[in-house]
Amino acid sequence: MIDLQLKVDPFPIVEPLVIRLQTVQASRFPAASENDAMLVYHDENIADFDVGGFSLRVHTTDAQSLDGDVVLVTPGRNTLHRLIRASSRHNTLLITEQCDQKCIMCSQPPKKHHTDLFDYFLQAVLLAPAQTTIGLSGGEPLLHKARLFEFLEKAQSARPDIRFHILTNGQHFDKRDRTSLSALNMRSILWGVPIYAANAAAHDQIVVKAGAHKTLQKNLAILGTCGAVLELRTVLLNSNVLHLEDLANHITKHQSFASVWAIMQLENIGYARMNWDREFYDSSFSFVDVAKAIDLATGRGMETLLYNFPLCSVPSEYRRFCVASISDWKQKYLSTCDGCSLRSTCTGFFEWYSENKGFKGIVAQ
Amino acid sequence: MNVWPLQFRKIGENDLLFSDDSGSFFRSDDLFLDRYIQGALTHEDAEFLAYNGQAFETDGDFAFSGFASRWAKRINTAGDLSYFILVPTLRCNLMCDYCQVSRAAENASGFDWDRDTLEQVINLLDKQKANQVKVEFQGGEPLLRLDLLDAIRNFCRSRFEAAEFVVCTNLQTVSEEAWQFLEAPDTHVSTSFDGTSKFHLKQRTKTTTVQRQFEANLDVALTRLGVDRVSALPTIDPSDCPDPAAVIHAFAARSLTSIYLRRINYQGFARKKYGFDSALVDWRQYYRRFIAALIEYNTTADVPMEEYYLTHILRRILQSGHNNHVDLRNPNWLGKDLLVIDFNGQLYPTDEARMVSRIGKIDLSIGSLEDGIDANRVATLNSNVSNFDDPDCVHCAYKAYCGLDPIDDLSRYGRVDLPRHQTDHCKSHLDLFDYAFSLLYSADPTVQKSLAIWIGVPNYNPKIAPRTL
Amino acid sequence: MNKKFLIPSLVAAGFVGVHSSAAPVSGPKISNDTKTSMFEVFRQTHKYTLAGHSSHASHSSHRSSSGGGYKAPRATSPTPLYTPPTNRNGTSTPPSSILPSPPAAAARVLPGNSGAFQRIAKQVQTALMAYGYYNGAIDGVIGAGSKSALSRFQADYNLKVTGTITPQVLDAFGIAAK
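Protein chains in written order, with the working numbering: chain A, 1 to 365; chain B, 1 to 469; chain C, 1 to 178.
Careful: at least some of the hints might be erroneous.
[Said to hold, decoys possible] Calculated cross-link-like contacts (lysine to aspartate or glutamate; reagent style EDC-like; alpha-carbon spacing at most 16 Å):
no.	chain 1	residue 1	chain 2	residue 2
1	B	10	B	34
2	A	218	A	177
3	B	10	B	30
4	B	427	B	392
5	A	218	B	61
6	A	214	B	61
7	A	214	B	57
8	A	218	B	59
9	A	175	B	59
10	A	218	B	57
11	A	112	A	100
12	B	463	A	246
13	A	332	A	3
14	A	7	A	44
15	B	198	B	243
16	B	134	B	164
17	A	175	B	61
18	C	160	A	44
19	C	160	A	43
20	B	336	B	351
21	A	145	A	177
22	B	449	A	317
23	B	134	B	351
24	B	202	B	240
25	C	160	A	9
26	B	463	A	289
27	B	198	B	240
[To be verified] FRET-style restraints, in silico, Cβ to Cβ:
no.	chain 1	residue 1	chain 2	residue 2	range
28	A	332	B	299	37 to 45 Å
29	A	160	C	11	43 to 51 Å
30	B	438	A	336	46 to 54 Å
31	A	344	B	371	51 to 59 Å
[As the list claims (entries may be wrong)] Not the full set, but computed from the structure, chain A residues with beta-carbon under 10 Å of chain B:
no.	residue
32	221
33	222
34	225
35	245
36	253
37	255
38	256
39	291
40	293
Worth flagging that the hints you see were computed from the coordinates, not collected in a lab.
Predicted model, so just to flag it, every value in this text is computed and none were measured.
A virtual CB, placed ideally from N, CA and C, is assigned to each residue, including glycine.
Construct the complete structure from the given sequences, taking the supplied hints into account.
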């Protein structure tokens with residue numbers, strides 16, 4: 001696992017601080033900014049970065065790997081957060097931990113409290129490497145949509161090269177948001193919205209919210225007619241595997257403006273870990289229902305992808321739909337994978353994947 | 001519930017195909033038609049139509065916007081000019097029976113671009129808004145003027161973010177220099193190969209020496225460029241056509257996976273030599289025989305094969321937004337995103353328009369390099385390019401998938417305003433769509449296997465072609 | 001072309017001519033309350049490709065924030081167990097061209113912190129002066145003079161030489177960081 005937090009020595013700040021770490025002397029940032037902190041000392045265990053004459057001492061064995069990272073240092077806490085890792089394309093900002101749904105496979109169960117970090121996120125985005133895609137996730141980011149839209153507008157006007165990938169449950173749009181949405185450059189925002197079934201009752205049961213499906217249909221139409229680039233996301237579950245083919249039909253008919261449909265394997269953390277035995281669908285054992293859905297959606301021209309499916313769990317003729325989707329910092333391979341010829345293109349497994357409760361058909365190829 | 005207007009057409013013995021303007025379709029029967037006409041749809045009918053995206057509750061609801069998006073994607077918007085067919089020379093080193101454009105002798109003069117023309121072509125390319133371009137070199141035999149091809153390609157590579165080149169050559173005489181030119185990864189070769197050696201010899205090369213030369217060059221092209229960058233198109237004479245299985249095996253033997261069957265287009269020399277209208281029935285029969293052979297071939301082939309146009313038709317039916325550069329676009333805008341520049345600097349909206357003009361039927365040029373594009377002529381040509389309001393098309397069940405071809409109508413009948421059902425374009429496409437739908441509703445697993453290949457999915461899901469009950 | 005044509009004009013071929021043309025695309029009427037018509041919106045969407053589309057790089061990231069989030073700053077939590085970065089993702093530094101200089105509009109970094117920083121910096125400058133390493137202004141700004149003084153002090157007292165105010169420097173001077 002790659003650490004997204006690193007230990008730091010006590011640092012005399014009273015408010016959170018966003019800085020960009022630099023390890024290379026020849027400055028690549030000509031307009032020396034107060035946001036930039038240069039590496040002034042390092043040994044095998046620590047690295048000191050010069051923040052306005054003060055040493056920010058980071059405990060790391062590899063100072064160079066932090067070059068260009070944008071980090072958040074918080075008063076009174078002995079860790080910094082690597083908000084944007086310059087060497088990764090998996091950077092996600094957690095907007096809030098609040099949510100109005102309680103999806104049975106949620107990997108990040110909601111919490112009551114919310115702290116508004118938008119101002120720091122904005123600073124971080126301004127410091128990000130060019131052309132970065134930054135994820136905005138939660139919880140449900142749209143619960144704070146006024147602040148979110150304000151953040152997006154400012155970020156886009158200062159850094160038009162940055163792309164955003166916003167994960168939202170799609171429950172919180174209304175017609176009045178058209179104005180806010182049309183003020184944004186919708187072409188550089190990808191909206192990832194989950195839909196679990198065409199059948200309203202089945203969907204509502206999975207997200208544990210009555211009426212969610214109906215609202216979702218209405219709001220997907222709003223997003224679509226505002227020119228949103230849409231990624232529909234469906235986590236494969238025992239609860240919806242038999243609904244998948246109908247969902248393929250539904251999407252190709254009613255959300256035909258979507259750019260891509262992602263069918264996703266379960267990530268065993270959060271509620272999903274709790275509900276694993278009931279909901280994990282072993283697609284290495286039977287792929288028929290997933291296959292029918294792919295055949296229908298792709299045949300009708302909807303780009304369909306499989307996220308989080310290890311290649312050996314998928315019949316060879318469907319492997320071309322697989323994407324190495326698991327973020328670098330929480331990805332692992334199993335001992336079975338040693339010597340597998342497909343390893344370099346395989347998504348692998350979640351760090352917290354448990355072999356004895358997982359796929360039965362994991363075989364080196 | 002509101003049902004989007006349905007068109008229908010008889011398919012099979014007892015059934016009807018229903019379709020709407022977004023291209024959603026289903027198969028049902030006379031009883032459904034009666035209920036639809038009488039406004040007596042049952043609850044089950046309504047549920048089915050909603051499931052199939054052919055109905056909505058209220059203006060602007062999700063079913064409405066889903067339909068609107070599918071409909072909108074089918075409309076061909078006139079994009080920026082980004083596809084050029086260039087004819088640097090009309091001279092050719094072959095004399096095929098049915099040459100499409102009265103070609104000029106290999107040693108003739110006055111049939112090539114001169115320096116000024118080249119400069120004007122480059123100026124025109126330079127003025128384009130698009131940041132990518134596709135250039136197709138036609139002829140004559142374009143390899144006779146490798147210098148011009150090279151100049152154009154070099155310019156495009158530096159001027160555009162992305163540029164792609166196709167050389168339409170007979171591969172008869174290819175110098176080492178020409179091979180090196182063709183080997184570039186951004187360059188493709190398109191050639192004619194009339195299905196089998198026997199027919200190619202008969203229709204094009206005439207002598208076995210020339211025929212051997214061609215086949216050797218085709219093999220070199222496939223080896224040096226790779227199969228992905230070579231396409232070979234057979235021209236078929238319906239009155240004397242090669243055995244489908246022989247054609248398929250001739251292509252397969254060369255690892256070619258796509259066959260674009262072209263019926264002889266009666267123009268140029270061909271018009272003088274062959275009859276005109278009699279061949280459509282022969283052609284239909286041959287085409288069906290050919291597809292049947294292809295389906296049989298695909299049941300056991302390691303590397304399956306497609307007929308290019310049928311694949312296009314199937315995808316037009318199933319997928320909103322499946323447009324290619326030329327065929328079945330609606331509206332079929334002329335002189336917008338595609339431009340032909342002839343050897344003499346005349347501009348045409350399509351290659352067919354160049355031919356129709358060349359044989360003296362009607363002047364379809366839309367300007368010249370000297371005078372630029374004549375906007376009025378382009379506008380006039382574009383007055384008949386959409387089937388939305390064509391009185392013969394509005395009730396056609398295939399309207400959403402089809403598109404007009406005024407240039408073909410002109411070349412055959414000298415008019416663009418014939419009743420559609422009297423035109424070859426309409427007759428042959430009605431037949432093609434009938435055939436395509438018969439395949440889509442076929443329960444034959446061998447048909448379904450081929451369909452999956454052509455549609456681009458691992459397995460055919462019959463639900464892609466819905467039916468009531 | 002001074003050529004004779006069988007059909008003398010487009011009108012003779014049945015083209016209705018430019019005036020009755022420009023047949024507007026007809027179809028479902030779509031209400032829209034923005035400047036862009038829904039038709040255009042759907043066409044745009046259709047043409048959109050994402051950055052790095054060749055490898056689906058942009059939609060390849062499975063975003064869920066499990067474990068990837070950060071605690072709200074005011075929440076307290078035990079110091080996480082320290083593990084060295086695995087660096088499996090490579091530590092290669094990105095080419096300089098992808099690291100932009102911060103735009104002029106970039107927010108100042110220390111808005112809420114400058115007071116605390118200055119107060120401590122002044123204490124350090126004063127101490128350095130008292131120890132005989134520094135004779136510049138006590139202004140709370142750690143510039144070249146202060147840095148040089150810090151380096152010499154650190155070297156003489158066997159501290160890690162960083163030229164910055166480190167926890168050890170503060171300890172040595174008995175300055176509280178808060």
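Against the structure, the hints:
1. B:10 x B:34: Holds. Residue 10 of chain B to residue 34 of chain B sits at ~14 Å (cutoff 16 Å).
2. A:218 x A:177: At roughly 13 Å apart (the allowed maximum being 16 Å), residue 177 of chain A and residue 218 of chain A satisfy the hint.
3. B:10 x B:30: holds, 9 Å
4. B:427 x B:392: Holds - the C-alpha atoms of residue 392 of chain B and residue 427 of chain B are around 12 Å apart, at most 16 Å.
5. A:218 x B:61: holds, 7 Å
6. A:214 x B:61: Holds - the C-alpha atoms of residue 61 of chain B and residue 214 of chain A are around 11 Å apart, at most 16 Å.
7. A:214 x B:57: Judged against 16 Å, a Cα distance of about 13 Å means the pair holds.
8. A:218 x B:59: holds, 12 Å
9. A:175 x B:59: holds, 14 Å
10. A:218 x B:57: holds, 12 Å
11. A:112 x A:100: holds, 10 Å
12. B:463 x A:246: holds, 10 Å
13. A:332 x A:3: holds, 14 Å
14. A:7 x A:44: Holds, at roughly 14 Å.
15. B:198 x B:243: holds, 11 Å
16. B:134 x B:164: holds, 5 Å
17. A:175 x B:61: holds, 12 Å
18. C:160 x A:44: holds, 13 Å
19. C:160 x A:43: holds, 10 Å
20. B:336 x B:351: holds, 14 Å
21. A:145 x A:177: holds, 9 Å
22. B:449 x A:317: holds, 13 Å
23. B:134 x B:351: OK: residue 134 of chain B and residue 351 of chain B at ~15 Å, within 16 Å.
24. B:202 x B:240: Holds. Residue 202 of chain B to residue 240 of chain B sits at ~11 Å (cutoff 16 Å).
25. C:160 x A:9: holds, 14 Å
26. B:463 x A:289: Given that 16 Å is the threshold and the Cα spacing comes to 13 Å, the pair holds.
27. B:198 x B:240: holds, 12 Å
28. A:332 x B:299: 37 to 45 Å: holds, 43 Å
29. A:160 x C:11: 43 to 51 Å: Holds, at about 50 Å.
30. B:438 x A:336: 46 to 54 Å: holds, 48 Å
31. A:344 x B:371: 51 to 59 Å: Check passed, 57 Å falls within 51 to 59 Å.
32. 221: Result: holds, 4 Å to nearest chain B Cβ.
33. 222: holds, 9 Å
34. 225: holds, 5 Å
35. 245: holds, 7 Å
36. 253: Nearest chain B Cβ about 3 Å off; hint holds.
37. 255: holds, 6 Å
38. 256: This hint holds: residue 256 of chain A lies near chain B, its Cβ roughly 5 Å from the closest one there, short of 10 Å.
39. 291: holds, 6 Å
40. 293: holds, 9 Å
Hint compliance for this structure: every hint is met.
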